[in-house]
Amino acid sequence: MNKQAKRKQKPQLIQWRLYVVVAFVCLLFTSLIGRAAFIQIIEPEKLRRESDMRSLRTTSREVQRGLITDRNGEMLAVSVPVKAVYADPKVVHDENGFEDMRRWQALADVLHEPKDKILKRVQANPRKRFTYLKRQVSPAVADYIKKLKLPGVYLKPESRRYYPTSEISAQLVGITNIDDLGIEGIENAYDDWLTGTPSKQKVRKSRDGHVVERLDMVQEGESPNDLVLSIDQRIQQLAYREIKKATEANQATSASIVVLDVNTGEVLAMANTPSYNPNSRENLQSYRMRNRALTDAYEPGSTIKPFVVAAALEAGTIKIDDIIKTSPGRMRIGGKIVRDTRNYGDLSLSGILVHSSNVGMSKIALSMPVQELLGSYQAMGLGNYSGINLGGESSGLIHDRRRWSEFERATLSFGYGLMATPLQIARMYATLGSKGVLYPVSILKLKQKPEGTQVISAEVAQSVMEMLVGVTEKGGTARKAHIEGYPVAGKTGTARKAVAGGYGEDYVAIFAGVAPVHNPRLAIAVVVNEPKGDRYYGGDIAAPVFASVMSAALQMLNVEPISRREKVRLATLSRSAE
Amino acid sequence: MSKSQLNLPRIVLLDLWHHKWVMIVALLVMLNAVAVVYTSYEGRKYTSQWELLLQERDRLDIEWRNLLLEEQSRSEHSRVTRMATKELNMRRPLPREEVVVRVP
Numbered sequence: 001m002n003k004q005a006k007r008k009q010k011p012q013l014i015q016w017r018l019y020v021v022v023a024f025v026c027l028l029f030t031s032l033i034g035r036a037a038f039i040q041i042i043e044p045e046k047l048r049r050e051s052d053m054r055s056l057r058t059t060s061r062e063v064q065r066g067l068i069t070d071r072n073g074e075m076l077a078v079s080v081p082v083k084a085v086y087a088d089p090k091v092v093h094d095e096n097g098f099e100d101m102r103r104w105q106a107l108a109d110v111l112h113e114p115k116d117k118i119l120k121r122v123q124a125n126p127r128k129r130f131t132y133l134k135r136q137v138s139p140a141v142a143d144y145i146k147k148l149k150l151p152g153v154y155l156k157p158e159s160r161r162y163y164p165t166s167e168i169s170a171q172l173v174g175i176t177n178i179d180d181l182g183i184e185g186i187e188n189a190y191d192d193w194l195t196g197t198p199s200k201q202k203v204r205k206s207r208d209g210h211v212v213e214r215l216d217m218v219q220e221g222e223s224p225n226d227l228v229l230s231i232d233q234r235i236q237q238l239a240y241r242e243i244k245k246a247t248e249a250n251q252a253t254s255a256s257i258v259v260l261d262v263n264t265g266e267v268l269a270m271a272n273t274p275s276y277n278p279n280s281r282e283n284l285q286s287y288r289m290r291n292r293a294l295t296d297a298y299e300p301g302s303t304i305k306p307f308v309v310a311a312a313l314e315a316g317t318i319k320i321d322d323i324i325k326t327s328p329g330r331m332r333i334g335g336k337i338v339r340d341t342r343n344y345g346d347l348s349l350s351g352i353l354v355h356s357s358n359v360g361m362s363k364i365a366l367s368m369p370v371q372e373l374l375g376s377y378q379a380m381g382l383g384n385y386s387g388i389n390l391g392g393e394s395s396g397l398i399h400d401r402r403r404w405s406e407f408e409r410a411t412l413s414f415g416y417g418l419m420a421t422p423l424q425i426a427r428m429y430a431t432l433g434s435k436g437v438l439y440p441v442s443i444l445k446l447k448q449k450p451e452g453t454q455v456i457s458a459e460v461a462q463s464v465m466e467m468l469v470g471v472t473e474k475g476g477t478a479r480k481a482h483i484e485g486y487p488v489a490g491k492t493g494t495a496r497k498a499v500a501g502g503y504g505e506d507y508v509a510i511f512a513g514v515a516p517v518h519n520p521r522l523a524i525a526v527v528v529n530e531p532k533g534d535r536y537y538g539g540d541i542a543a544p545v546f547a548s549v550m551s552a553a554l555q556m557l558n559v560e561p562i563s564r565r566e567k568v569r570l571a572t573l574s575r576s577a578e
Numbered sequence: 001m002s003k004s005q006l007n008l009p010r011i012v013l014l015d016l017w018h019h020k021w022v023m024i025v026a027l028l029v030m031l032n033a034v035a036v037v038y039t040s041y042e043g044r045k046y047t048s049q050w051e052l053l054l055q056e057r058d059r060l061d062i063e064w065r066n067l068l069l070e071e072q073s074r075s076e077h078s079r080v081t082r083m084a085t086k087e088l089n090m091r092r093p094l095p096r097e098e099v100v101v102r103v104p
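Chains S and E, in that order, give the protein sequences. Each residue of the first sequence is one higher than the one before, counting from 1 in my numbering. Each residue of the second sequence is one higher than the one before, counting from 1 in my numbering.
Looking at chain E on its own, in the form it has when it is part of the complex (with noise of 0.2 angstroms):
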């Protein structure tokens, strides 16, 4: 092989050298691309998540209501002084026997 020969890889960098800002900007829609793509899944990762967090709070709502419930019917007054009266036979102090107790 003689040198006169061509040299094809070289001529394949030179001519790459020659275009390297339309190359560059190549480069740059292919990474851009990709970020797209990368980023709609991202989102749709975050929206499904986002999703599953309000379904929990749903549901953590219903079982806030239902505790409610609970804690009401079981701290009701008529409930809580008939045990206090009954089981602790403990009574409302009369007026008079209140000690008032002012803080300074």
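Bound-form chain S, shown alone (with noise of 0.2 angstroms):
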């Protein structure tokens, strides 16, 4: 029966579910399109936005603080980035950090540091976000710490700062604080220009962490510059270690010395003692921080003798032929008396310089003005900034008052007084050796002669600097500044030191000179402060460091010597080619 009636029956439409078909079919495209269309045209930044949570990232490119150089560019100063470990140590808590207890260990034991320590400052304030573990370790650490997986200690890049050249040059370098700021010498006076800032940018990442896209510039980093110093690294080596055995020989407070290029004006050394090592931050001691060869000004003594001298010329007061009478080897000036060491008779302006007569030289300033010679000094720079802009640079100072005793007068012209810096009587002895022309001091590498100013004429400079060559030859008071091929222009000074209510018992003791005379190239200031030992004249102390640096020095700058026997000797390419 069954099977008859299926045969009787012919498909028949039923139109309704045709339609029913139909309208679901047309809503679910619709729906579907106006989906489409909805996310397509009128929402669609709130996707846009989710995308860009999941694949935009800011990167930043860290940059390294400028390198300081020498002149040769020999490094003075680099910076090697490092890593900063720190904790949060509220993720520690939340994530149970403190369960796997190997790797704290592990951690105190990379990092050098007992374990209850680091977990004490872990665990001290479970709700603090933020503190440091240890900063400045190596990249190597830094890969060891990142494979212990301890949850909430992460690493932050920073720098380290090196200086190769250690105590040599530390004060004139200066250093850097744990956050990369200078804080001393070179670097803090340059800070800007050394400092480069990171750089930003919107990157777009992929799923395995390449970056595919690069956007915008969030900030646009600024690339940090290079310092290149004045500083002959070799020259400032040799000073160093020539004041370092000095300051032991002789048990001084401190030394300093200056090498200046006559030529330019530039500081070819720079150097003091006590120092101390600029790659151990722990006990850094302020005083031995100090730039002493700038910072501390001291009374010149005799070495100021030959400046009064070529003021005296240039005044005209005396002629470079006058004799002086010096006997009987004291003189009183104004109920005081002024003595010499004894009675040299009659002297010439080179004997006077060359034993450093104190009757000759009373003599002579009292021949002239004190505004003038006061203004002479003030021409050569005492009293002002020399130009190098270091911080902490001290004037030295002048007087400028009215009124001046006559034994005042005479104090002034053996360089009591008035203070200077150890530069600023390089700087003065420079100036002979340049044909009187003082120039701004530079401790940045020159590409070209600085403009100077003309403080005396050429004829006093060069007739003032023949006169001083006595002084470290037989009979001077410098024997021990002699250098055998180069001849010298140098003046010792010994100092009392002046304490409260008059002068006291130390001594500071200075050579400063130029060299050679025949064609000038350095001038050296040698300062030694309060020697202990028995011996405190500047001819036996600085006289010494004078020599071995300069004559050195000069070698090393292929400075031609003069040799008694014969000016030169050539040596013939063609007959050591045989």
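No wet-lab data here; the hints were simulated from the structure. Take the hints with a grain of salt, since some may be wrong.
Straight-line C-alpha distance at most 25 angstroms; calculated DMTMM-like pairs for lysine to aspartate or glutamate [claimed, not checked]:
| id | chain 1 | residue 1 | chain 2 | residue 2 |
| --- | --- | --- | --- | --- |
| 1 | S | Lys200 | E | Glu56 |
| 2 | S | Lys245 | E | Glu63 |
| 3 | S | Lys245 | E | Glu76 |
| 4 | S | Lys205 | S | Asp109 |
| 5 | S | Lys146 | E | Glu56 |
| 6 | S | Lys205 | E | Asp58 |
| 7 | S | Lys46 | S | Asp226 |
| 8 | S | Lys445 | E | Glu76 |
| 9 | S | Lys156 | E | Asp15 |
| 10 | S | Lys147 | E | Glu56 |
| 11 | S | Lys200 | E | Asp61 |
| 12 | S | Lys146 | S | Asp192 |
| 13 | S | Lys146 | E | Asp61 |
| 14 | S | Lys202 | E | Asp58 |
| 15 | S | Lys134 | S | Asp179 |
| 16 | S | Lys497 | S | Glu560 |
| 17 | E | Lys45 | S | Asp216 |
| 18 | S | Lys445 | E | Glu71 |
| 19 | S | Lys134 | E | Asp58 |
| 20 | S | Lys134 | E | Glu63 |
| 21 | S | Lys156 | E | Glu76 |
| 22 | S | Lys200 | E | Glu51 |
| 23 | S | Lys146 | S | Glu62 |
| 24 | S | Lys147 | S | Glu158 |
Computed footprint of chain E on chain S, listed as stretches where at least three residues anywhere in the stretch have a Cβ under 8 angstroms from a Cβ of chain E [as the list claims (entries may be wrong)]:
| id | stretch |
| --- | --- |
| 25 | 81 to 94 |
| 26 | 160 to 169 |
| 27 | 443 to 456 |
| 28 | 483 to 495 |
Only some residues are given here: those of chain S computed to face chain E with a beta carbon under 8 angstroms [stated by the list, open to error]:
| id | residue |
| --- | --- |
| 29 | Gln237 |
| 30 | Asp400 |
| 31 | Arg402 |
| 32 | Pro561 |
None of these values were measured; they are calculated from a predicted model. No residue lacks a Cβ here, since even glycine has one placed at the ideal position from N, Cα and C.
Build the complex from these two chains, which are given one at a time in their own frames, with help from the hints.
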């Protein structure tokens, strides 16, 4: 029956079903299209944001502080990237970071710190969000810590400054603090120039962390600049070694040395003792960090004498071939007595300088108005900044007053009653070597000769320099500053240190000079402060330092020595070729 | 099958020929789309490569800085002087021992 019935039934279109299906399909498509249109046209922002949240990242490119090099490209300060290890105590607590103590032990071991100390820092306040565990760890250690996978312990890039020359140029180059900010010396003075800022950029990263698209700059970085100093590290190293030796041998409180290039005013070396190691920041003592060559002013003593002669020659109150009577070796001025070490009798100007006769100097000083003498000191750079542009520089001291007693005028001529820094003394002697031209002092390597000012005439400078040659030769006060092959024009100075109410028992031993006289290249000032030994004369203590630094420095600079037997032995190339 | 029967492929081809410009433009659009995808893929590849090179540069820079430090500490003047005088028995010649060679 069934079969028959089926056969009879012809397939019939059930209209309403068709309509329902069609309507349903249409609805399906319209809603799909509608949804697509909604996402595409009406509200695309939300999904874009979602996508960006998953792929957009801001990367920052760290920059290292600029290098400081000497004039020949030797490194004086180099920054190396390192990592800071810090912890987020809240995360550590939330993720039960203290479960695996082995990892913390490993962390403590690699940081060379007791585990308890580190744990204490993290456990002290569980709600704290930041605490440093250790700063400036090396990349290798940082890698190890990363692999420990301690929850809540992170690494952050920072940089560490190394000073390969260590204590040799410590005060000059200065140091940075732990946050890479220059706090002393060159690092401080040229901080802006050396510091760069990291650039920040938006990038799109793929799923596996590769940058696939670079978008806009968030922050334009500033690349740091390198700094080339005028220092010649070979000379600097030598200068430091020599004053260190002198400081120790004489148990001096401190010592400074300045080496200037006579023709440009560049500082080739500037060293001080006591020094410190800028690579280890523990136990820094401020008295070791001072760049005494320019922060400390001393009474220059007899080293000032050549400039009194120069001033008097300029003023015309004496002539080059004048003979001055110094007998009987003492002289009464305004109730006080000026003494020489012995009676030198009649002296030429050169003789006065060679024997460092106070009587002769007083006569020269009293022959000219005091304002003229002070004006000439000032023109030579005393009482003024040298142009070196470093923090803490002292300008020295020249009293500016109307009334001077005759005795005070006399003492001015042998270096009392005024103060000068070692740098200023070196600069004055450089003026003698540069034909009377005073150049601004520069600690940066110069591309061209700076403009100087003519402060004394070339003839006066030349003749004063020639007068000084006798100082280091037989009969002079500083035989120890004599250098074979390079004639020296220099002068010793030994000044008592002023204390409250007069002059005390401590001395300052100074030697300053230029060499070689026939073709001046370098001016050096050596100041040894408060030597404690038996000897305290500039000629005994400072002069040997001067001689060894000057002779080696001139050799390094390939300055031709003069020899007595024959000026120059010409090595014939053809003969050596045979 | 009679000859009068319509040849469907022929009609399709004729129709296509009739609209050949549209077809060419459509083809170009397709090619263009593929090219856009391809170039942006290439661009991303290069960006990623560039990034890797930048990282390499940073790594080399760090290495260079460390090598500099090593070089400086090894060639430090006082160290060289000490080695020259102590181990090699050298000394600095006195000015009078120097021979000046003038290059003509």
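Now for the hints, and whether the structure bears them out:
1. S/Lys200 to E/Glu56: It holds: about 19 angstroms lies between the C-alpha atoms, which stays within 25 angstroms.
2. S/Lys245 to E/Glu63: Violated. S/Lys245 to E/Glu63 sits at ~37 angstroms, over the 25 angstroms cutoff.
3. S/Lys245 to E/Glu76: Given pair S/Lys245, E/Glu76 holds - Cα atoms ~18 angstroms apart, limit 25 angstroms.
4. S/Lys205 to S/Asp109: 36 angstroms, violated
5. S/Lys146 to E/Glu56: 20 angstroms, holds
6. S/Lys205 to E/Asp58: 19 angstroms, holds
7. S/Lys46 to S/Asp226: 47 angstroms, violated
8. S/Lys445 to E/Glu76: 21 angstroms, holds
9. S/Lys156 to E/Asp15: 69 angstroms, violated
10. S/Lys147 to E/Glu56: 21 angstroms, holds
11. S/Lys200 to E/Asp61: Satisfied, since the Cα-Cα distance of roughly 19 angstroms is no more than 25 angstroms.
12. S/Lys146 to S/Asp192: It is violated: about 33 angstroms lies between the C-alpha atoms, which goes past 25 angstroms.
13. S/Lys146 to E/Asp61: 22 angstroms, holds
14. S/Lys202 to E/Asp58: 19 angstroms, holds
15. S/Lys134 to S/Asp179: 13 angstroms, holds
16. S/Lys497 to S/Glu560: 39 angstroms, violated
17. E/Lys45 to S/Asp216: With Cα atoms ~19 angstroms apart, E/Lys45 and S/Asp216 stay inside 25 angstroms; holds.
18. S/Lys445 to E/Glu71: 23 angstroms, holds
19. S/Lys134 to E/Asp58: 24 angstroms, holds
20. S/Lys134 to E/Glu63: 23 angstroms, holds
21. S/Lys156 to E/Glu76: 32 angstroms, violated
22. S/Lys200 to E/Glu51: OK: S/Lys200 and E/Glu51 at ~14 angstroms, within 25 angstroms.
23. S/Lys146 to S/Glu62: Answer holds: S/Lys146 to S/Glu62 is near 19 angstroms, not above 25 angstroms.
24. S/Lys147 to S/Glu158: Distance ~19 angstroms between S/Lys147 and S/Glu158 Cα, so the pair holds.
25. 81 to 94: Our answer is that it is violated, as 1 residues pass the Cβ test (under 8 angstroms) against chain E, missing three.
26. 160 to 169: As far as the stretch 160 to 169 of chain S goes, the hint holds, because 4 residues have Cβ atoms under 8 angstroms from chain E.
27. 443 to 456: violated (count 0)
28. 483 to 495: Since three or more residues must qualify, the claim that chain E covers the stretch 483 to 495 of chain S holds, with 4 doing so at under 8 angstroms.
29. Gln237: 4 angstroms, holds
30. Asp400: 44 angstroms, violated
31. Arg402: Result: violated, 51 angstroms to nearest chain E Cβ.
32. Pro561: Check passed: Cβ of S/Pro561 comes within 4 angstroms of chain E, closer than 8 angstroms.
Checked against the numbered hints above, the structure violates hints 2, 4, 7, 9, 12, 16, 21, 25, 27, 30 and 31; every other hint is satisfied.
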